[in-house]
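Trainee: So the sequences go chain by chain: X and S. Each residue of the first sequence is one higher than the one before, counting from 22 in the working numbering. Each residue of the second sequence is one higher than the one before, counting from 25 in the working numbering.
It is possible that some hints are incorrect.
Covered, in the sense of this in silico footprint (three residues per stretch, anywhere, with C-beta under 8 Å from a C-beta of chain X), are these stretches of chain S [to be verified]:
(1) 68-75
(2) 78-88
(3) 98-104
(4) 107-115
(5) 119-125
(6) 133-143
(7) 158-168
Keep in mind that the hints were calculated from the coordinates and are not lab data. Glycine included, each C-beta is placed from N, C-alpha and C at the ideal position.
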Amino acid sequence: MADSHPIAELSRALPGVRSSDDAADRVAYARDLWPRHHLAVRAGNVAEHRPAGVVWPGSTEEVSRIIRWAHDTGTPVVPFGAGSGVCAGVLPSERMIVLDLKRMTRWRELDERRRTLDVEAGQMGLPLEEDLNRRGFTLGHFPSSILCSTVGGWVAARSAGQCSGKYGKIEDMVLALECVKGNGDVLTLRHRTSGPNLIPLVVGSEGTLAVVTSATLRLHPRPTSRAFAAFSFPTTEHGWEAMRAMFQAGLRPAVSRLYDPFDAMLARRGAVKKGGADSGGTPGLGAAALRTLLRRPGAINELMEGSIGSAMLGGSLLIVIFEGDGDGPSKDLDIARAMLEKMQARYEGEGPAQKWLLHRYSVSYRQAPVFAAGLFSDTMEVAAPWSKLHALYDGVRRALGEHVFVMAHLSHAYPDGCCIYFSFAGTAGPAEPGREGWDARCETTYDRTWRAALASAVEAGGTLAHHHGAGRSKAPRLSSELGSTGIDTVKALMRAFDPRGILNPGNLLPDAPSPYVDDAHPKQVTQ
Amino acid sequence: MSFEIDRASLLVRVPGAATLTSIEQALAREGLTLGVAATDDAVGDWLARGAPGAPSPLSDPADHLVAGVTATLINGSTLEVRPAPRRAVGPDLMALVVGARERFASIDHVWLRVHLTGARPVTLSTEGLDLDPPVSNEEASLLDAIARELAR
Chain X
22 MADSHPIAEL
32 SRALPGVRSS
42 DDAADRVAYA
52 RDLWPRHHLA
62 VRAGNVAEHR
72 PAGVVWPGST
82 EEVSRIIRWA
92 HDTGTPVVPF
102 GAGSGVCAGV
112 LPSERMIVLD
122 LKRMTRWREL
132 DERRRTLDVE
142 AGQMGLPLEE
152 DLNRRGFTLG
162 HFPSSILCST
172 VGGWVAARSA
182 GQCSGKYGKI
192 EDMVLALECV
202 KGNGDVLTLR
212 HRTSGPNLIP
222 LVVGSEGTLA
232 VVTSATLRLH
242 PRPTSRAFAA
252 FSFPTTEHGW
262 EAMRAMFQAG
272 LRPAVSRLYD
282 PFDAMLARRG
292 AVKKGGADSG
302 GTPGLGAAAL
312 RTLLRRPGAI
322 NELMEGSIGS
332 AMLGGSLLIV
342 IFEGDGDGPS
352 KDLDIARAML
362 EKMQARYEGE
372 GPAQKWLLHR
382 YSVSYRQAPV
392 FAAGLFSDTM
402 EVAAPWSKLH
412 ALYDGVRRAL
422 GEHVFVMAHL
432 SHAYPDGCCI
442 YFSFAGTAGP
452 AEPGREGWDA
462 RCETTYDRTW
472 RAALASAVEA
482 GGTLAHHHGA
492 GRSKAPRLSS
502 ELGSTGIDTV
512 KALMRAFDPR
522 GILNPGNLLP
532 DAPSPYVDDA
542 HPKQVTQ
Chain S
25 MSFEIDRASL
35 LVRVPGAATL
45 TSIEQALARE
55 GLTLGVAATD
65 DAVGDWLARG
75 APGAPSPLSD
85 PADHLVAGVT
95 ATLINGSTLE
105 VRPAPRRAVG
115 PDLMALVVGA
125 RERFASIDHV
135 WLRVHLTGAR
145 PVTLSTEGLD
155 LDPPVSNEEA
165 SLLDAIAREL
175 AR
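Can you make the complete structure from the sequences, with help from the hints?
Mentor: Encoded structure:
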């Protein structure tokens, strides 16, 4: 195999399997949407880490044949959904082939009585939900990537949707998984309440244990009524205490989103709408002014987080949406409102929640203008029990705030804890020897920002990721959360599922070649 | 036996040898409950058997029974999964503990979710769902492989 091209070999061994080693395809499949890749692209480095080629199987049987061939020839394989991951879970090398599952979109069985759907892994998110709606059902899973993500990708990354308060995350929706192990064997794992349940091992395994080919998902009746409300709070902490009270009292708003004062100001102004996909411009001030401002992020963060900033911006904002049938959602909202108004909440009407629902996916398309302005942006989603939330919020915010401008919202609450979603934007730091170029200096700031924030999250007792996954971007820090035993256990699982280690090798392993190097100097990952 | 109650998060950390009855008694003094029938089963053993009698996790998808665990693996090393409401950092290693009948690990301590006494239960319908299908030959074979690799 070493002397021949993997795609040519595969085509000879498996005639009829759709594949390509075209240069454009290899570039298109060289990466996911990890924002650090965008910096490389802006610097003119489109993708040095291109795969040998791409294969597009049309059935589980074909996936099985491809993986068996890869196992026999020792060819590494990277499973691929829609490529919207943000943690470098896809970072192939020239020895690897990418296995794109998007041709596998069939609904195998819709059981309307049990409310389950067995659907193939390449099914895209939005058409799935729309087709379910037409039949009177909802999956209840609305990640902001729903326009550019697949069922298989959701499973691989442990995705969360905007309605997690009622329907849970993807791991709470999977009743069975059909997958192909690293030796090509097809296996169906089933949810079991009181027996061994292996599904949680594959969900979140990011393509390292098995290739997910279909999932049996739990459905719910499509909601026929909704109740909307927004509340403002003097501080973000007042807001999350209100979320905690709701969830611990047994209320389950499908949506509960708490914005810090700056994020709340954007939500009140409808900035998402004005700065959406069609705007093409840079947000607010001119690009040059923004670059200058963001060179001193500490001062801006201090101003925005303090009492003056909070008063100036109008405090925090909580959006709540209950959904279900009949007057159930309204009744639940009445209970919630009575509870929240005893906790310094001020009712702001239905408007902000209605507006949010209307523009719920627009925010995901605001990144390109930021990069075009010479800046960078990213998001970080961490979680902790409620008792550690304050330390997590303060610690990560402080760590990020030394390097970048930061804002936050909390949009996935549970009875025992919550996820904090930090959004940040930064710019190039001072020139250093060997790091004089603008984009290289941005990379330095970017890497230092992440390193400090992840360390702070673990120190505060939080988890490194709530729903984006770990990928190669967070893998170097995984042992700080899982410990050496946890890492060894993950490696044991990899050996059990994939004895030759051909599935997405290097992902989720702290000791694999890193996309970073010490002190944030640039490096291409080619191993 | 000492139990550590995290009141803000509604979590309790208990030794695997503690009985459900003893935990429930301690929680009752704080106005809390496990929300399951109290028996003389040790909690570690009860969880290893899949927590019989506990509500299905599908009845309230935003909640869960176990938030974190410290367990001794069959290779003698100690696995610690810190409490978190949800995480996305690779495979969920708690699947090697809960419902696995001590095939891979035994519980030393566990973080359990507790409820305010009188809190409204959440019960989405699970009617018609097969929550305990038999273990297939393929799954049994994989369980064997995992045990072998963990023991190495």
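Trainee: Taking 8 Å as the C-beta cutoff, is the stated coverage of the segment 68-75 of chain S by chain X satisfied by three or more residues?
Mentor: holds (count 3)
Trainee: Within the assertion that chain X covers the segment 78-88 of chain S, do at least three residues meet a Cβ-to-Cβ distance smaller than 8 Å?
Mentor: holds (count 8)
Trainee: Are at least 3 residues of the segment 119-125 of chain S within less than 8 Å of chain X when you compare beta carbons?
Mentor: It holds: at least three residues are needed, and the segment 119-125 of chain S offers 6 whose Cβ sits within less than 8 Å of chain X.
Trainee: Mind taking a look at whether chain X covers the segment 98-104 of chain S? Criterion is 3 or more residues with CB to CB distance under 8 Å.
Mentor: holds (count 4)
Trainee: In terms of beta carbon proximity below 8 Å, does the segment 133-143 of chain S have 3 or more residues touching chain X?
Mentor: Since three or more residues must qualify, the claim that chain X covers the segment 133-143 of chain S holds, with 4 doing so at under 8 Å.
Trainee: Apply the coverage criterion to the segment 158-168 of chain S and chain X: a residue qualifies when its Cβ sits closer than 8 Å to a Cβ of the chain, and three qualifying residues are needed.
Mentor: holds (count 6)
Trainee: Checking C-beta pairs, does the segment 107-115 of chain S have three or more residues closer than 8 Å to chain X?
Mentor: Our answer is that it holds, as 9 residues pass the Cβ test (under 8 Å) against chain X, meeting three.
In this structure, none of the earlier numbered hints is contradicted; all agree with it.
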